[in-house]
Amino acid sequence: MLTFTIFLPLLTGLIVLAIPPSRPAWARWTALAGAILTLLLALWLWAGFDASDPALQWRASAPWIPGIGAGYDVAVDGISLPLILLTAVLLVAVMAYVLPQHERSPRLHAFLFLLLATGLMGVFAARDLLLFYLFFEIALVPMYFIVGIWGGERRRYAAMKFFLYTRAGSLAMLLGFLGLYLSMTPHTFSLPAIIQAQPLAAAPTAAALVFFALLLGFGVKLPTVPLHNWLPDAHVEAPTEGSVVLAGLQLKMGAYGLVAILLPALPQAAARFGWLLAVLALISLLYGSLAALAQNDMKRLVAYTSVNHMAYVMLAVAIAALSANAGARALALNGAVVQMVSHGLLTGGMFLMVGMLQHRAGTREMQRFGGVLAQLPVYGALFGLLAFGSLGLPGLSGFIAEFQVIGGSLTLGVWVAAIVVLGLLITTGLYLRLVGSVLLGSPPEGMPGLAPLGAHETWTAGTLAALSVLIGILPNTVMPFIAAGSSRLLALFQA
Amino acid sequence: MNSGHCMDLWAVVPEMLLAGLALALVPVAAFVRGQWRALPAAVAIIGLAASMAVTVVVLPTTSTTAFCGTYAVDRLATFYRLAIEFAAFVSVIVLDAYFRDHRQQAHAPVLLLFATVGGLGLAASLDLGLILLFLQIVSVAGYLLVILVRSDRSAQEASLKYFIYGGAALAVMGYGLSLLFGLTGRLDLPGIGAVLADADPVWIVVAFGFVFLGYAFEVTLAPFHFWAPDVYQGASAPAAGFISVVPKIAAFAALLRFLLEGLPHHAVVWSPVMAAVAVVTMTLGNLAALRQHDLKRLLAYSSIAQAGYVLMGIAVALRSNGAVAAVNFYLLAYLLMNLAAFLVVAVLERAGGADARPALKGLARRSPGWAAVFAVALLSLAGIPPFAGFAGKVLLLTAALDGHMTWLAVAAALNMAVGLYYYAVVIAEMFFMPSAHLKPIVAGIGMAGAAALTTLGTIALGVMPGAALGLANTPYWTP
Chain A
9 MLTFTIFLPL LTGLIVLAIP PSRPAWARWT ALAGAILTLL LALWLWAGFD
59 ASDPALQWRA SAPWIPGIGA GYDVAVDGIS LPLILLTAVL LVAVMAYVLP
109 QHERSPRLHA FLFLLLATGL MGVFAARDLL LFYLFFEIAL VPMYFIVGIW
159 GGERRRYAAM KFFLYTRAGS LAMLLGFLGL YLSMTPHTFS LPAIIQAQPL
209 AAAPTAAALV FFALLLGFGV KLPTVPLHNW LPDAHVEAPT EGSVVLAGLQ
259 LKMGAYGLVA ILLPALPQAA ARFGWLLAVL ALISLLYGSL AALAQNDMKR
309 LVAYTSVNHM AYVMLAVAIA ALSANAGARA LALNGAVVQM VSHGLLTGGM
359 FLMVGMLQHR AGTREMQRFG GVLAQLPVYG ALFGLLAFGS LGLPGLSGFI
409 AEFQVIGGSL TLGVWVAAIV VLGLLITTGL YLRLVGSVLL GSPPEGMPGL
459 APLGAHETWT AGTLAALSVL IGILPNTVMP FIAAGSSRLL ALFQA
Chain B
202 MNSGHCMDLW AVVPEMLLAG LALALVPVAA FVRGQWRALP AAVAIIGLAA
252 SMAVTVVVLP TTSTTAFCGT YAVDRLATFY RLAIEFAAFV SVIVLDAYFR
302 DHRQQAHAPV LLLFATVGGL GLAASLDLGL ILLFLQIVSV AGYLLVILVR
352 SDRSAQEASL KYFIYGGAAL AVMGYGLSLL FGLTGRLDLP GIGAVLADAD
402 PVWIVVAFGF VFLGYAFEVT LAPFHFWAPD VYQGASAPAA GFISVVPKIA
452 AFAALLRFLL EGLPHHAVVW SPVMAAVAVV TMTLGNLAAL RQHDLKRLLA
502 YSSIAQAGYV LMGIAVALRS NGAVAAVNFY LLAYLLMNLA AFLVVAVLER
552 AGGADARPAL KGLARRSPGW AAVFAVALLS LAGIPPFAGF AGKVLLLTAA
602 LDGHMTWLAV AAALNMAVGL YYYAVVIAEM FFMPSAHLKP IVAGIGMAGA
652 AALTTLGTIA LGVMPGAALG LANTPYWTP
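So the protein sequences, as listed, match chains A and B. Counted from 1, the first sequence has number 347 at position 339 by the working numbering; the numbering is strictly sequential. Counted from 1, the second sequence has number 444 at position 243 by the working numbering; the numbering is strictly sequential.
The following block holds chain B by itself, in its conformation from the complex (with noise of 0.2 Å):
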């Protein structure tokens, strides 16, 4: 099955790139002082920027693999890479900007590059190793991202709730996987799925089980959900958000290859499952923001029902065809709202402290530029047209409606309703409350810029999706 060449560098040169730089950096880091902290942060997002630009180019559109059948060379692949690396530009101008004259200004983006790589190759990977070891790259920069201020005790309980959560989790993966091994003799996905084909379901339903409680963790799933209100509380509002979308839009992007390469033949057990937590996932979500108080717990949540309607399109991936593309388009438009609500959060707490609620009452008329993205991209997170959210939506809908799951869209669409009331209450505070303060947030043009980039992304996405739909429509490799 080493259908690939086994030294194939070229397949991952944003990864080298990205590491080399991480690696470079980690001792820059250490000694730079005053206005030089500003140096790492510049080389990522160079670095980022290269990145971008030799994955468009280097690798094929064709589907291939690389490093003995391992790592996958397909546009699945690319999309991912390439939403990664864009979030995680987004990602870097933010946490720049929101530590500029701190320590954390010049550690945050080595830590960011890190965890950008583990998602990187996350998303190729094929081999089970492979897997698990890039799945703890992103989890370790991110249980680094979360206690960047050592001092904050709440970033340290966060941290270390994020640790021991994930390490678990993690682990009882790893069991699984073994499992797998040893079930197949495989460690490469595709390899497996045909192994698998007749094998003795209970041991698939034991062994996908615990392998699927590591992918459910690291992307917000119920009942593996827990940790991220308390984590996102207790991180930076900037690291939050970059941990709301990397490693989960790259564990999504894992667990969807997972099911289409490492077992196809057993669409019918996983796809009821997928959507039961999926309904189970988004309404937990829904109903436990509806009482949020604290803005980063409220996104967290709304981060796992989004969690929910993207599992939905996961659930019908073989059952519909256009189901893929709209998962990874969903997935493309969440990066982009959610980024943008983290970055007005962020924007809030840099002004105003750790609880950014306050700062929100009278935004309009303090801000109105920040209370418009942040306005957007809560929009768009609802689901209302023009924005991306909407179309993204509306295509998870109508996978889930042709994948002849019914009730599954409606269910969905009950959920969209009801979470309508939370992300209305924040604009409601906005725009409809007068303002505490009335100096303007002066917030510099690294935030000013990251906003208007998501933004329009989300305008442009629900506006005109057809572009982007045409990139989310990715073939994979099959063997």
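Extracted from the complex, chain A is given alone in its bound form (with noise of 0.2 Å):
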């Protein structure tokens, strides 16, 4: 079952293909009922899960490449499940969007789209390290060309930029992968057998070495500074469904890899180099807001707020390694993962919104335009909703996400909380700043009539946004499960 919500996007992807180019009306309708058949077995998957089963749940194993121990082996747990339902959603979410969008190859950018989302369910569900590896480059190289064929002016330079960044990456990643699987005896990749077996446990140079290259790997993706650098290229120059996928759900690769394999894998040195990760963590949170707050361009500045939306991820990851208080470390790590798919609905929706203004006005200037409330009310309503809970109002997503790393960051001291703080004041600013200049005011000379949205833009954006309201203002349709993931994990590795 599980095996078949994975490849069922690809499925559809290859069934895309054989449809003839002279009828790209049937391939995006294809991609999207492909795409709402993916959810509905994504939901079946959450009605089946059992919140009080410590155990993973929906596992599937087959041999692969017995000869090396690498095996098929895939499951999920509390904290991959709401991934792979935000996959879900946000896939249906983006081939809606572009339903109307017939020129340019639709047969092709609907396949690489079905096959990203392949290998994103793939990672959040892969138990076996090197089946994580081949999922993960799977869920990257088709960005590169969506970013290169379908990019704005730039594209060939932020594609580039972005595949040998992340080539990068994912190379340390396997250099430390390939360290794990060394240190097992028999060789192995399979994770819960490393989690269980804690083989780099008594060996630190091995472990810091290991440590250091799944930082890399997990770091580039995230991104946190100083390996944030392709961030913003990709994201402004890619296509606007491009960018909700980019950083709806790719960033949360690296999220994910660092919470549940970092952390469980290599405990000793997440709480040896935990300091380096809050740091690190601390600088990006800031350093995310500050670059934002400096933006004219509405693409780059939601951009740069993804650094430091998913800072807290890292923070939360250095407060489950660090700090002494149990109750701390599992809320900071419930924070994570509600941030994850917290992030990925307003984040994901912010990128929709920009792009529905570029798409009428041409430009993504913020001053630019001024009003739009007063001209698309419902525009204007959803972008509010979006705006707001990406930078933490209660009753939203993103409160429930921030509230817990912060809670949990008092007990690292009360200076990292200090730090937060700030860091959420300056997102606070510049989301009002964006608020007050593009939807209220009076629009500036020379900004073009709007045209109303159409019925696919209102439903996608809607429904990420309420999405967001059902988690902000219902936290327990998702925390139990949250909560029952995590602290299986801390009691995997605790123990």
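Don't read these hints as lab results, they were simulated from the structure. Ideal placement from N, C-alpha and C gives every residue a C-beta, glycine not left out. Any given hint might turn out to be false.
Just some of the chain A residues that point at chain B, by a computed CB distance under 7 Å [unchecked claim]: (1) Ile27; (2) Ala70; (3) Ile73; (4) Leu142; (5) Glu145; (6) Val149; (7) Gly156; (8) Arg164; (9) Phe171; (10) Ala176; (11) Leu183; (12) Leu190; (13) Met192; (14) Leu440; (15) Arg441.
The task is to assemble the complex, starting from two chains supplied on their own in separate frames and drawing on the hints.
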């Protein structure tokens, strides 16, 4: 069942490729249908998930390369299931958003997004490091083509930069995985086995090498300062739907890797270098918000806020590794996972909003807009909702996430929490500025009239905003799952 | 030490079959005209298919030797024989399609068969004289394949360059082999290995240095790689593809056997040397490839870098259990992806003339199928999953780490990251640029079949490496 969910997008993609090129609408609708079916399957997985059972669920395994101890092994826990669900939701949103786009090879476009979704869900489900790596790269390569073919003016530069950065990161990660693999006797890539055996617990040098290799790999993807350089270019040059997936989902691969692989496989090293994680997280947090504050290009602004938002995940990992307080550790990890989901919904939604504006006005400069709320009330409402969610307003999902991480960070020291709150203040300021400048006020000279939203636009952005509200108001829709997942994770390596 | 019998013709049935066909085709190829020019290729294709079948059926899976212990009949040799026969099989198809309606259509398969015989023998030779003999057969056939189009100035230059470099390198190698004979009084590798176990290391180093030079030339290891870009550029694309694969694989097999059987007690010496040469080779290859415009030169430097990766596995051949299997597997993967890459260059060359690069622009719009084949081959060469090159690189990196050469694995990983750039540039040109021509390229069924074979192989080896890895896990004959 899980396997079928993972590979359904790929299967749909192959069907889409087989559709004759003269029928672009068929390709679009088939892709959307496949995405919706994937979402239904993911919901089925969700319904069948027992949060009270600490074991891995929906597990499916088969021999893959028995000669080197690598197997096909997929399963979900309370951390990966929400991310798989998020992938399916955003896949549907993206496929619905591009429904009217019939030019420029829609079949290849749909195929790449569907392939990417298979890679992403595989990453979140894989319990074998080599399989994880395989899915990780499958989720990256299509984005190179998406940015390069459908991107903006500097797309070739951005695509190349993205490809080289992530490749360097993933090769470091691969070396780290191989280090873990070789430390096991008999050699195996099985993640549960590695977490259980803790093979590098007594080898601090090797553990440090593997730790930094993995940190490099996941840090590029997260991204954390100073490995974030690829992010603004790739996000800005990518087409709107590409930015949605890039920010909404691909960054989660790095975040998920930190939480679900680095932390449990190398808890000693994580504790030893926890201060480094915390410092990197705090720098990224401040840097992301300050850099976003300096932007006039709204897409670039949203891109930089991702650096800020994802830093919470790294901070949570640092807390989970360093904090002496078990409650704080669980709180921080819960917050990190909610942040992943919340950021996927909110930032994905923000990129959609910016994309709609650019589509109508041909520009993304903040100063060129004003009074949009009066002209397009629905658009304005959604924009406002997503922006407020992103700044952490209570009642929306961002608050649930960041509140928990800040709570956990207090156990590391008041000054840590103070820096986080400072970052939060800057972020609040920049979102208020964005909302004030674009939605309120009077339209500046020469602002073109904006066409009303199409149904596909209202629905996609509306759904994402609604889900964020749902998590914000009724956190219990996801919290039991996530809490079960993080307590399971903590129990694994602290036993 | 003559453990085998001395007249075991069964052990060389594939070689005899192919050599017989090649000799029989020499007069045929000289006289055929018109439609009949396809005859030698057809015979060669059937012959190669038959020799693959014979290799599987006739040769035993146990390890033994033939011809008084001079010729290994073991899984290692069988593996490389099959690989070489398969590469030749694909290459004949491509050469035939490339030279259709030209005189060379009849000549190319004959030369290719000779080179294949040399490659097969090289992979199995345990005797110094045989090694040199087969190395020469591969090389001489290679010189001629380069100069197939005799009126082409750049082909003449390339062939001459190849010939002079090759002649010099093999002469030095011959000198090294004679030193080894002088040191030990033996011609068979296992015998030499046994005698050398407690010989004067200085002389071993000198003799080995000379011998290694010959191998280094053949598999394009730095600093003996200079000829490759010029030769590949001057040769026709399918000939360049063949030369980048068959002689290289055969010589790698021979080098592996030479080190494992001839110098097993001196791994302490050659292991770090191989590792250093590997790093230099991959780095030089990758850095030089960054600046190439011509596709064949780019692929030449790429295949130099690939040779560096393979040598990384050879460096730890006796330090890690999986290293030999990793080398074997990687060479199989290399064969598939490199043949696929050169095949697309051949298609472009045939459609658009000597410089294939302009035809590359917007290829994805013009001929999506060929763009996809090339993209798969390049991504695989870059080590992106789920393609063969990825699985191979994982195995090699694992072997290096397992052999406690972490620095080597890190250097290789850095190289792989750098190497992605020039492959991605080519892919970007195909997919991200508008096309100047809109007429799709017509390549014919032969090219399409060869492309399907190599591309599907590249994907299969990446997604399901288990079966090939089992084949690659080859015991070899030891006394």
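Hints, verified against the model:
1. Ile27: With a minimum Cβ separation of about 14 Å from chain B (threshold 7 Å), the hint on Ile27(A) is violated.
2. Ala70: Interface hint status for Ala70(A): violated (11 Å vs cutoff 7 Å).
3. Ile73: Where the cut-off is 7 Å and the nearest Cβ of chain B is about 5 Å from Ile73(A), the hint holds.
4. Leu142: holds, 5 Å
5. Glu145: holds, 5 Å
6. Val149: holds, 6 Å
7. Gly156: holds, 4 Å
8. Arg164: Since chain B brings a Cβ to about 5 Å from Arg164(A), closer than 7 Å, the hint holds.
9. Phe171: holds, 5 Å
10. Ala176: holds, 4 Å
11. Leu183: holds, 5 Å
12. Leu190: OK, holds: Leu190(A) within 7 Å of chain B, min 5 Å.
13. Met192: violated, 12 Å
14. Leu440: violated, 39 Å
15. Arg441: violated, 35 Å
Hint violations for this structure: numbers 1, 2, 13, 14 and 15, all remaining hints satisfied.
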